[in-house]
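Given chain A's structure and the hints, the job is docking chain B onto it.
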Amino acid sequence: MDTDDDFMSNVSSEDDMHPDDSDNDISGDEDFGFDDEPDVYIDSPKEIGHKKKAAYDISFRVFQPSDIQKQQDELIDEVNMILDISKAEAAILLRYFRWNKERLIEDYMDRPGQVLDAAGLAQSTAGPPKMKVVSDFVCDICCEDEPGLESFALKCGHRYCVDCYRHYLSQKIQGEGEAARIQCPSEGCTIIIDARSLDLLVTPELTERYHELLHRTYVEDKEALKWCPAPDCQNAVECGVKKKDLDKVVPTVSCLCTHRFCFGCILNDHQPAPCELVKKWLKKCADDSETANWISANTKECPKCNSTIEKNGGCNHMTCRKCKHEFCWMCMGLWSEHGTSWYNCNRFEEKSGLDARDAQAKSRVSLERYLHYYNRYANHEQSARLDKDIYHKTEKKMVQLQKESGMSWIEVQYLNSASQALQTCRQTLMWTYAFAFYLARNNLTEIFEDNQKDLEMAVEALSEMFEKPISELADSKLKVEIMDKTSYCNKRRVILLDDTAQNLAEGMVMRTILCFWR
Amino acid sequence: MTVPFAAKRLGKELQKISNSLPPGVELVSAENFEEWLLDIKVLDDNPLYQNQTYRLKFRFGPSYPIEPPEVVFVQLPDRPIPMHPHVYSNGIICLDLLGQQGWSPVQNVESVCMSLQSMLTGNSKNERPPGDEDFVRVNRQRPKDIQFYYHDNDV
Numbered sequence: 001m002d003t004d005d006d007f008m009s010n011v012s013s014e015d016d017m018h019p020d021d022s023d024n025d026i027s028g029d030e031d032f033g034f035d036d037e038p039d040v041y042i043d044s045p046k047e048i049g050h051k052k053k054a055a056y057d058i059s060f061r062v063f064q065p066s067d068i069q070k071q072q073d074e075l076i077d078e079v080n081m082i083l084d085i086s087k088a089e090a091a092i093l094l095r096y097f098r099w100n101k102e103r104l105i106e107d108y109m110d111r112p113g114q115v116l117d118a119a120g121l122a123q124s125t126a127g128p129p130k131m132k133v134v135s136d137f138v139c140d141i142c143c144e145d146e147p148g149l150e151s152f153a154l155k156c157g158h159r160y161c162v163d164c165y166r167h168y169l170s171q172k173i174q175g176e177g178e179a180a181r182i183q184c185p186s187e188g189c190t191i192i193i194d195a196r197s198l199d200l201l202v203t204p205e206l207t208e209r210y211h212e213l214l215h216r217t218y219v220e221d222k223e224a225l226k227w228c229p230a231p232d233c234q235n236a237v238e239c240g241v242k243k244k245d246l247d248k249v250v251p252t253v254s255c256l257c258t259h260r261f262c263f264g265c266i267l268n269d270h271q272p273a274p275c276e277l278v279k280k281w282l283k284k285c286a287d288d289s290e291t292a293n294w295i296s297a298n299t300k301e302c303p304k305c306n307s308t309i310e311k312n313g314g315c316n317h318m319t320c321r322k323c324k325h326e327f328c329w330m331c332m333g334l335w336s337e338h339g340t341s342w343y344n345c346n347r348f349e350e351k352s353g354l355d356a357r358d359a360q361a362k363s364r365v366s367l368e369r370y371l372h373y374y375n376r377y378a379n380h381e382q383s384a385r386l387d388k389d390i391y392h393k394t395e396k397k398m399v400q401l402q403k404e405s406g407m408s409w410i411e412v413q414y415l416n417s418a419s420q421a422l423q424t425c426r427q428t429l430m431w432t433y434a435f436a437f438y439l440a441r442n443n444l445t446e447i448f449e450d451n452q453k454d455l456e457m458a459v460e461a462l463s464e465m466f467e468k469p470i471s472e473l474a475d476s477k478l479k480v481e482i483m484d485k486t487s488y489c490n491k492r493r494v495i496l497l498d499d500t501a502q503n504l505a506e507g508m509v510m511r512t513i514l515c516f517w518r
Numbered sequence: 001m002t003v004p005f006a007a008k009r010l011g012k013e014l015q016k017i018s019n020s021l022p023p024g025v026e027l028v029s030a031e032n033f034e035e036w037l038l039d040i041k042v043l044d045d046n047p048l049y050q051n052q053t054y055r056l057k058f059r060f061g062p063s064y065p066i067e068p069p070e071v072v073f074v075q076l077p078d079r080p081i082p083m084h085p086h087v088y089s090n091g092i093i094c095l096d097l098l099g100q101q102g103w104s105p106v107q108n109v110e111s112v113c114m115s116l117q118s119m120l121t122g123n124s125k126n127e128r129p130p131g132d133e134d135f136v137r138v139n140r141q142r143p144k145d146i147q148f149y150y151h152d153n154d155v
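Chains A and B supply the protein sequences, listed in that same order. No gaps in the numbering here: position 129 of the first sequence is 129 in UniProt numbering, and each next residue is one more. No gaps in the numbering here: position 84 of the second sequence is 84 in UniProt numbering, and each next residue is one more.
Honestly, the hints are just simulated from the structure, not real lab data. Keep in mind that a hint or two might mislead.
In silico lysine-lysine, DSSO-like type, Cα no more than 27 Å apart, as pairs [stated by the list, open to error]:
#1 A:Lys304 x A:Lys243
#2 A:Lys101 x A:Lys132
#3 A:Lys304 x A:Lys324
#4 A:Lys130 x B:Lys8
#5 A:Lys132 x B:Lys125
#6 A:Lys324 x A:Lys101
#7 A:Lys132 x B:Lys57
#8 A:Lys222 x A:Lys87
#9 A:Lys222 x A:Lys244
So that you can see chain A by itself, here it is in the shape it has in the complex (with noise of 0.2 Å):
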């Protein structure tokens, strides 16, 4: 795999070298987003420069559309020559093989006959397509005869009118967005339609369609190729990480268009948790989570039996339908210890209600436990939805601060550095609080929750800074404690996630997650 990502990684270590340059995060910024996390080996002792990447870091490439174009003709070019084919028909072949230009090649020479075949290639070359006009032809599919009809076969020698060869195409293309495997309209007919067939009959709005089902074809064939998913985002990414690995890595990419993700699941950034883990997360919250709340909010587990009760109106004299057993709602008590005081319950300090109360804490203790992480992970999932607001805001603040303080464009950077930082931090905070939910108790927890409490500390500390009034901001000692912060937040979550990431590898992490919390 090619490492051309190296030079998000190698720019921000340059920056890194020199850390008394104030603009350091600025330069990273206008560049390549907000991707210039500060390299942390500088400063860790144990690891003085040695290793360029963090553990976290995943080799990936961007291509664009132009890229991605050239790479398919390339490999058709190279097949087109080695086995001596038409260009349409090697590219027929290559998709016929999921551009496993290898494979094809050895198969085409073992058993040229048999691969042509399956690719709905028949071996007559009867010269370019053209459509004709034959005479005493019916169309099979309009039951068309008049004369002068024009029509169009492809080798298989089954023949239509090219009006009906027409709306056939135009369903597949257009309909049922196929492209490179569109079989001829006979029935049980293997024959694929060709590219340059196509060209023939597919009208002009249509083409620009079909090529661009093609050109996603090569794309979605290939494990090592993904499309971004950003909207409107025509980029894919390359990435070598294989999906049998996503236990031990991240591989979090980030597209020219400066959206992050997740190679493995599509699903926005969601380092330091697998892929797994954020699966299994995302579908207990979405079950779990507003039932959990309510019954946390409106119910009490019977003393005896652990039944879940909501009491919905009447007196305080419970009895559980299930086990019969009878007991204070108030005191959670034995009701026959309220003697005559009863349905004014007065009797707090009773034995038995206090043994009760403290079962009934001990069963609420794993529905407190979600709660605990599913309320940090959607705080932090909430501020990550106003991400979009407050960068705007961060533009109308630095316009505005250069107005009032006249400081220049680029002085005032340091606000869209801390901004973006706050953002990517936040985004890494939620999801440790989903991975931590799944984490057993051991040391590592406690590293890993000592890395969390730290971020956290930071960013929220950051996050006041950044919002004060514009009056306050222009002063030059805030300037460089927010400047000095941002850069904090930034060090302290590559911390946590080269840390985390390198557990994961070494398969420790894993180990305890597998002992899941049900």
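Below, chain B alone, put in the same frame as chain A:
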């Protein structure tokens, strides 16, 4: 093109089947180019379908025959829904040739009727598809929108 695509083809088909239809297939009504009714019978001695006639309803979209027609069995006092592991008790048929993948524009009303005839003829299982009850209760979709999963080819 003055006449819509589907109408042109259906006109020709109607002309042909008004004159002759294969044995066991009968045209009941074809008053427009949107919906036709046909009756089919199983001709061999398959005990499941003896002495029964089944009513088929064809509905054609504007791009028939590029798109498949929608074909279902209809229940009437003297027209039951045939028992078959690919026919739901509400008349919906799960057959790949009626889906977009299996359909070919060369197919026509006559060939569909014959395919259904032979689908019944070849069947020996006196049963409905798995999950028939649930499907019939909850399904509100048109047949063409249902994602059938064609899992066996031997029935």
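Each hint tested on the structure:
1. A:Lys304 x A:Lys243: Violated. A:Lys304 to A:Lys243 sits at ~47 Å, over the 27 Å cutoff.
2. A:Lys101 x A:Lys132: Not satisfied, since the Cα-Cα distance of roughly 35 Å exceeds 27 Å.
3. A:Lys304 x A:Lys324: holds (9 Å)
4. A:Lys130 x B:Lys8: Holds. A:Lys130 to B:Lys8 sits at ~26 Å (cutoff 27 Å).
5. A:Lys132 x B:Lys125: violated (49 Å)
6. A:Lys324 x A:Lys101: violated (72 Å)
7. A:Lys132 x B:Lys57: violated (38 Å)
8. A:Lys222 x A:Lys87: holds (20 Å)
9. A:Lys222 x A:Lys244: holds (16 Å)
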